[in-house]
Amino acid sequence: MWLLKLIGWGLLAFGAMMIVAFPFNSKNQPDEMAKAGVVLGIIMVGVGFLLIKL
0 MWLLKLIGWG LLAFGAMMIV AFPFNSKNQP DEMAKAGVVL GIIMVGVGFL
50 LIKL
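Per numbering that gives the first Met the number 0, the sequence shown starts with residue 0, numbered consecutively.
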């Protein structure tokens, strides 16, 4: 159980980092990649939050 919570915190932190980092790194990537990174970050934050709440 503690391992799931630890994975949840990791997903929460990594997803938040992706939400912040992807739009500002758009010099080398198209806008679709930035949008996909933000959406993936939001999904990761949601899954991480659900794992923490178990």
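By construction, these hints were calculated from the structure, which means they are not laboratory data.
Among these hints, one or two may not hold up.
What the hints assert, rightly or not - No more than 30 Å apart at the CA atoms, straight line, and that leaves these computed lysine-lysine pairs for DSSO-like:
#, residue 1, residue 2
1, LYS4, LYS52
2, LYS52, LYS34
3, LYS34, LYS4
Small disclaimer: the values here were computed from a predicted structure and weren't measured.
Checked hints:
no.	hint	result
1	LYS4 - LYS52	8 Å, holds
2	LYS52 - LYS34	27 Å, holds
3	LYS34 - LYS4	28 Å, holds
The structure shown violates none of the earlier numbered hints.
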